[in-house]
Amino acid sequence: MQALDIKLMRDFRRLWAQALAIALVLGCGVAIFLTSFGMYNALEDTRAAYYERNRFADVFSETRRAPAPLAREIAAIPGVANVETRVVGSVILDIPGRVQTAVGRVISLPNGGEPQLNRPILRAGRLPAPDATGEVAVNEPFAEAHGFAPGDSFQANLNGRKRTLTITGTMLSPEFIYTIGPGQMMPDNAAYGILWMPERAAAAAFDMTGAFNSVALSLTRDANAAQVIDHLDDLLDPYGGFGAYGRDTQLSNSFIDAEIAQLKNLALVLPPVFFGISAFLVNMVLARIIALERSEIGLLKAVGYSDAEICQHYLMLAGLVALVGIVLGFGAGSWLAHALARLYADFFDFPYLIYRVSYDAYAISAAIALAAAGLGAVRSALAAARLSPAVAMQPPAPPRFSRSLFDRALSALRLSQPAMMVFRSILRWPVRAGLTTLGLALAVAVMVAATFTDDALDRIMDVAFSQSNRQDTILLFSEDRPLSVVEEIRRLPGVLAVEGQLFLAAELRHGHLTKRVAVESRPPGTDLSRVIDGQGRVVAPPPGTILLADRLAAQLNAGPGDVIEVEFLGNRQETFRLPVAGLVTQYFGLGAYVDYDTLNTLFRQAPQISSANILLDEAREDALHARLKEMPGLAGTIMLTESRRSFQDTIAENVVIMNTIYATIAILITVGVAYNGARVQLSERARELASLRILGFTRAEVSSILMGETLVLALAAQPLGWLLGWAIAWSMTEGFTSDLYAIPLVLRPATFAQASLVVLGACVGAVLLVRRRLDNLDLVAVMKTRE
Amino acid sequence: MDRPIFRTEAVTKLYDTGGAQVHALAGVDLSLFAGELAVLLGPSGSGKSTLLNILGGLDRATSGKVWFRDLELTALRDRGLTRYRRDHVGFVFQFYNLVPSLSARENVQLVTDVARDPMDPAEALALVGLSHRLDHFPAEMSGGEQQRVAIARAIAKRPEVLLCDEPTGALDSKTGVQVLEALRDINDRFGTTTVVITHNAAIRRMAHRVVRFQDGRITAVEENAQRLAPHEIEW
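Chains as they are written, first to last, in full-length UniProt numbering: chain B, 1 to 787; chain F, 1 to 235.
There's no promise every hint is true.
Stated by the list, open to error - Which stretches of chain B does chain F cover? Using the computed rule of at least three CB atoms under 8 Å from a CB of chain F, they are:
no.	segment
1	6-19
2	296-303
Stated by the list, open to error - Far from chain B, some chain F residues (derived; all Cβ distances over 10 Å):
no.	residue
3	Arg69
4	Ser101
5	Leu102
6	Gln109
None of these hints come from the bench; they were simulated from the model. Predicted model, so just to flag it, every value in this text is computed and none were measured. Glycine included, C-beta positions come from ideal geometry on N, C-alpha and C.
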């Protein structure tokens with residue numbers, strides 16, 4: 001080994017604490033990048049492979065009832081490669097041993113057996129026989145949730161007739177990677193299952209013989225999806241089409257899209273913070289090392305080492321720090337990716353493993369880490385290389401302190417000499433002080449931005465459950481019913497109050513912008529489900545107008561006073577023009593609200609409802625469910641009490657995990673910045689501080705100078721950190737906003753206080769570690785060394 | 001001793017110290033010969049270190065010319081000077097300039113790693129009488145021992161010239177004598193041209209020639225008819 005390399009290894013060993021503090025920050029960046037970027041790729045690749053192999057469709061549409069021969073016309077649309085028509089429907093399930101109802105989504109299997117598109121993978125058992133009437137295959141998670149195996153059976157209320165269905169096999173489908181039932185907030189595999197049923201049986205159950213009510217298309221490579229969708233709508237409109245849509249709004253797919261987008265955001269936002277801080281720390285520490293090794297550099301040059309060799313020597317020191325960071329990051333990142341994959345396994349149903357992070361992701365994250373360390377080192381390393389040997393061997397000139405405006409201000413404050421030293425030093429190295437402050441501020445910001453999501457979720461929960469949706473249960477009808485059905489439901493056991501609500505599929509148009517939504521309408525005097533605006537007020541659409549959720553209005557580029565076109569789909573193929581009465585801030589979905597009487601007048605119909613909201617006497621819940629299982633015309637039930645509880649549990653669990661992770665991250669950043677800052681200062685000021693000790697200053701007084709600077713900067717970092725945290729939180733709310741949900745920007749004083757306490761605490765801890773070194777300083781030795 | 005190894009012509013060096021210009025060298029003409037041991041004598045700031053740095057390729061003259069044999073040092077760029085230092089020059093400094101994280105042997109190896117035809121580090125250390133201290137770190141050695149490591153480091157590459165800037169400046173007389181003995185020994189044994197800077201006038205008596213400096217100029221060049229061995233010198 002070359003002597004210069006021996007020096008490198010010994011220097012590295014001597015600097016282990018500082019190197020580790022930097023490597024931990026760098027490792028964080030590597031781990032987060034590896035996890036987010038790696039899982040982003042893994043999720044996208046796995047999904048793409050699954051879609052490809054199992055021929056996930058490109059365009060979907062539902063209709064009320066279209067004749068089977070229409071399939072030929074659909075197949076003739078230019079750009080369509082394959083057409084799969086099916087019968088779908090919702091049924092209430094009565095599962096042995098389960099008190100509550102469950103909802104099943106029936107999907108027909110073609111007579112030939114396997115469908116051409118959205119091909120399910122048989123995981124166990126066999127497909128139902130084409131002419132069997134009581135056989136179904138179910139999605140694997142549903143079977144697992146109930147402990148079902150092929151051969152087991154349960155009961156289903158098929159269009160008012162209770163039938164026993166026997167499970168022949170379990171399946172997974174690219175259509176249901178994320179399986180969420182109507183009105184559910186997250187997957188509940190016990191409450192919602194997919195049932196694949198032979199076409200004949202399904203058609204008979206839903207009165208669809210010779211007809212279909214769902215169609216899926218695959219497109220040719222050169223097809224224009226938008227044109228195909230328009231074409232399909234034209235064909236299906238006469239048969240009550242609900243509007244065709246592409247993969248982007250297919251429910252399961254759009255949830256995975258949202259997750260992928262979130263991973264991408266994570267990969268782009270957080271790691272640069274860590275890499276930036278690491279580069280700064282490497283720069284700060286290396287600049288100090290090079291200042292200390294001035295004469296050694298001079299000597300190396302004197303004996304004939306070239307500029308490049310010296311530059312490389314110091315770059316390699318940074319490289320070693322990066323290497324430790326990379327190893328730590330690989331370890332933590334692989335573990336995190338595994339943990340995330342496990343989490344995904346709970347929510348996403350893939351037939352293959354998805355936690356394999358590609359070697360590319362490892363290589364890229366290592367390259368970025370090396371680049372960050374190199375970037376931090378390159379200035380100092382070049383400065384070392386450029387030092388003229390004759391100059392390098394002279395002691396450096398004392399730093400140039402001069403009187404400035406600040407000094408006059410400081411003198412006017414009549415500060416003590418130690419306080420003067422603290423402030424002068426900050427003013428003398430303003431860039432370093434500024435970057436230290438920025439680093440600590442970022443630690444605060446990370447904490448603020450992380451904890452803000454709890455507060456935001458609390459607000460969402462409060463608005464969604466306590467204020468907007470106060471019912472316990474929602475009954476969904478398979479067809480709209482007259483309002484009078486409310487009286488029938490009122491007589492069911494346990495029902496304390498019942499109110500109807502109407503949902504109508506519609507396409508909203510403003511200019512060239514269109515959006516498919518469900519228009520909601522509530523009979524007058526209803527109170528269980530309410531529309532709440534951003535200020536927490538209950539609002540109702542004035543007659544003859546429409547109220548829009550603000551995110552929906554933004555997508556349509558419409559504001560109050562604008563007139564939008566509302567084309568109702570399904571069996572009400574009529575278009576009306578309605579003025580926008582106002583906008584409503586909403587966190588879930590894209591709501592559009594029209595007055596109940598207005599709709600009834602427009603459609604010239606007796607009042608109808610598509611769902612019923614129920615307030616329940618919990619003691620009699622079981623009796624209610626027993627009756628619901630027998631009730632005809634019911635497409636589903638939503639147990640809000642249950643959703644609320646499981647949503648809260650999941651959130652609470654995630655919040656604890658996320659807060660721990662982010663607090664750790666904030667502490668690592670703080671310690672990295674504060675510890676290295678204090679070590680560098682101790683090194684620069686050892687002589688000065690030792691002189692003060694010799695002059696009779698106490699240990700506490702001397703260390704207060706050392707700790708003072710870091711703590712002054714840490715205090716200055718707090719307001720900046722709050723501001724940055726606010727900005728990050730704001731950009732997160734923007735980034736997370738999708739059609740499915742929006743996150744409000746809620747920041748409580750406690751969030752800021754908690755972030756500041758953690759960061760200041762970590763800062764004091766880091767500085768105290770350095771103080772121990774100061775206390776053990778050998779005064780005589782320090783004074784003797786030449787600097 | 002007829003062939004000059006170094007030759008300087010009207011060398012000046014100007015330092016700009018924030019407004020005031022200082023003439024560190026104000027026109028120096030000097031020849032140094034192969035195998036000679038020359039002592040540069042003069043008070044602080046007289047320009048002797050500046051000249052040594054220019055001869056060693058550590059610094060550049062403001063004007064004038066410097067030759068090492070036929071090589072014009074004043075015409076070389078950084079890369080050429082690095083090459084020149086690596087191949088031909090050994091340095092010894094007042095403050096030893098050892099790398100504290102390397103042992104004696106490794107400090108010498110620092111030079112032998114990049115030299116063309118070096119000695120074994122242990123051999124170089126044996127020449128200065130430090131065979132028993134090979135694996136000691138600088139902090140574990142006395143000042144005289146450290147300076148002898150520095151000399152071993154300087155001679156390990158078998159340089160043609162050995163440039164010593166106040167080699168005994170930080171040492172007491174007893175250890176100083178040991179260091180001077182080592183230098184004289186190298187000069188005798190290998191014929192290495194040795195230039196020693198000092199402001200200790202007593203040391204002049206071990207030199208072949210003594211060059212006196214004052215205010216950036218050479219004031220006198222004396223030849224010693226009778227050289228003394230370092231242990232005979234009183235200071």
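Hints, one by one, checked against the model:
1. 6-19: Satisfied; 5 residues make the cut.
2. 296-303: holds (count 7)
3. Arg69: holds, 17 Å
4. Ser101: violated, 4 Å
5. Leu102: Since the minimum Cβ distance to chain B is about 6 Å, leucine 102 of chain F lies within 10 Å and the statement is violated.
6. Gln109: violated, 4 Å
Checked against the numbered hints given earlier, this structure breaks hints 4, 5, 6; the rest are met.
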